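Required output: the full structure, derived from the provided sequences and hints.
Those sequence lines, one after another, are chains S and H. Per the numbering used here, residue 1 is the first one in the first sequence, and the count goes up by one each step. Per the numbering used here, residue 1 is the first one in the second sequence, and the count goes up by one each step.
Heads up, some of the hints might be wrong.
[Unchecked claim] Lysine-lysine pairs mimicking DSSO-like chemistry, simulated, CA-CA at most 27 Å apart:
no., chain 1, residue 1, chain 2, residue 2
1, S, K79, H, K119
2, S, K5, H, K4
3, H, K4, S, K6
4, S, K153, S, K133
5, H, K75, S, K79
Because the hints were derived from the structure by calculation, they are not lab data. Small disclaimer: the values here were computed from a predicted structure and weren't measured.
Read off the chains here:
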Amino acid sequence: MSDKKKQVTRRQFLNYTLTGVGGFMAAGLLMSPLRMAIDPVLQPSGDGDYANVGLAVDDITKDPQPVEWEIEQVDAWYKSDVTQKAFVFKDDKDEIVALSPKCTHLGCMVSWEGSESHPDQFYCPCHDGRFTKDGTNIEGTPPTEPLHEYEHKVEDGMLFLGKAYPRGEA
Amino acid sequence: MLQKMYDWIDERIDITPIWRDIADHEVPEHVNPAHHFSAFVYCFGGLTFFVVVIQILSGMFLTMYYVPDIENAWKSVYYLQTQVAHGQIVRGMHHWGASVVIVMLLLHTLRVFFQGAYKKPRELNWMVGVLLFFVMLGLGFTGYLLPWDNKAYFATEVGLNIAGQVPLIGDWLITLLGGHPEIIGAQTLTRFFAIHVFFLPGALFALLAVHFILIRRQGISGPL
Numbered sequence: 001m002s003d004k005k006k007q008v009t010r011r012q013f014l015n016y017t018l019t020g021v022g023g024f025m026a027a028g029l030l031m032s033p034l035r036m037a038i039d040p041v042l043q044p045s046g047d048g049d050y051a052n053v054g055l056a057v058d059d060i061t062k063d064p065q066p067v068e069w070e071i072e073q074v075d076a077w078y079k080s081d082v083t084q085k086a087f088v089f090k091d092d093k094d095e096i097v098a099l100s101p102k103c104t105h106l107g108c109m110v111s112w113e114g115s116e117s118h119p120d121q122f123y124c125p126c127h128d129g130r131f132t133k134d135g136t137n138i139e140g141t142p143p144t145e146p147l148h149e150y151e152h153k154v155e156d157g158m159l160f161l162g163k164a165y166p167r168g169e170a
Numbered sequence: 001m002l003q004k005m006y007d008w009i010d011e012r013i014d015i016t017p018i019w020r021d022i023a024d025h026e027v028p029e030h031v032n033p034a035h036h037f038s039a040f041v042y043c044f045g046g047l048t049f050f051v052v053v054i055q056i057l058s059g060m061f062l063t064m065y066y067v068p069d070i071e072n073a074w075k076s077v078y079y080l081q082t083q084v085a086h087g088q089i090v091r092g093m094h095h096w097g098a099s100v101v102i103v104m105l106l107l108h109t110l111r112v113f114f115q116g117a118y119k120k121p122r123e124l125n126w127m128v129g130v131l132l133f134f135v136m137l138g139l140g141f142t143g144y145l146l147p148w149d150n151k152a153y154f155a156t157e158v159g160l161n162i163a164g165q166v167p168l169i170g171d172w173l174i175t176l177l178g179g180h181p182e183i184i185g186a187q188t189l190t191r192f193f194a195i196h197v198f199f200l201p202g203a204l205f206a207l208l209a210v211h212f213i214l215i216r217r218q219g220i221s222g223p224l
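In structure tokens, the structure reads:
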């Protein structure tokens, strides 16, 4: 013990060794369970397939009309048919717009002219959120972004809708 | 950093004496494999506990995917086995651990028995140990049904029929365990799940606490 270098005592050495070995064992033990637990987070988000929503393009009006269609949803071991909903209309440039009815505030379902006091608007009953016809959220109501828009395509005169995406514009 | 956090807590609530009482105690020479290699037999109890910890941890994680319902139980296990990363490993840990824990338990019991470590004043701890053994067998029996495959189903059929052989209360016991006098089905599965995941682990923790407290109070039995 004559040299000035810091000595590792026997107790310290044993402490480090035991902590190391214990930590190694605990890590080995927990690695698989943790990987299993976070598996859903690591799943790639699947691109939705386009589905025929049963609406002819010719029948799309200037007024938003609700359309419903069913998709097969695979939820881990549970497969089910779930109903999707959209509001479809042609805008001023005659472009087809399909809006998701999911309120961008907290996810309730909006409806077109759902409130008598607010005609020509989408209305959410949960917290009085409102959107204009093109889906823009109205200042002073809870939603912070416009209604999401479904990607769409037309095949044989029928409307096909895919996944709903948020729109960048305010 | 860790030392500072420890000191911060210790300064306020003085945990060092508690910690000392739990973990800091001498290991007698005759139970230390470094002195006598044959002393490894004293490890079986601790190994049993170690495997129990593995069972608890892996079991907790398994319930993230498992569902105790006759329509979905098998499907959820199949999904876990085939689709979830490391799901097979975690279920494997629980599956094999269930057998290993019984083996360790038996080795531990044999050591205590052949060393006569159960003798006065440690009879009480032997009894608690026997109760722990029954709880473990119960955990094994109830857990076996949960995958809801053919093997599980008929093992439970047999197990419940064995319970039915108990004089006088046999039929009543079948209904109590299986939830129905004849059907092994929806109610049986939920019951076994509840027993496996809540009731028996609760009993296990309580008995383990008593088991360990008694060891600390009475100390390890002396050399042969």
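Results of checking the hints against the structure:
no.	hint	verdict
1	K79/S / K119/H	violated (60 Å)
2	K5/S / K4/H	holds (24 Å)
3	K4/H / K6/S	holds (21 Å)
4	K153/S / K133/S	holds (21 Å)
5	K75/H / K79/S	holds (11 Å)
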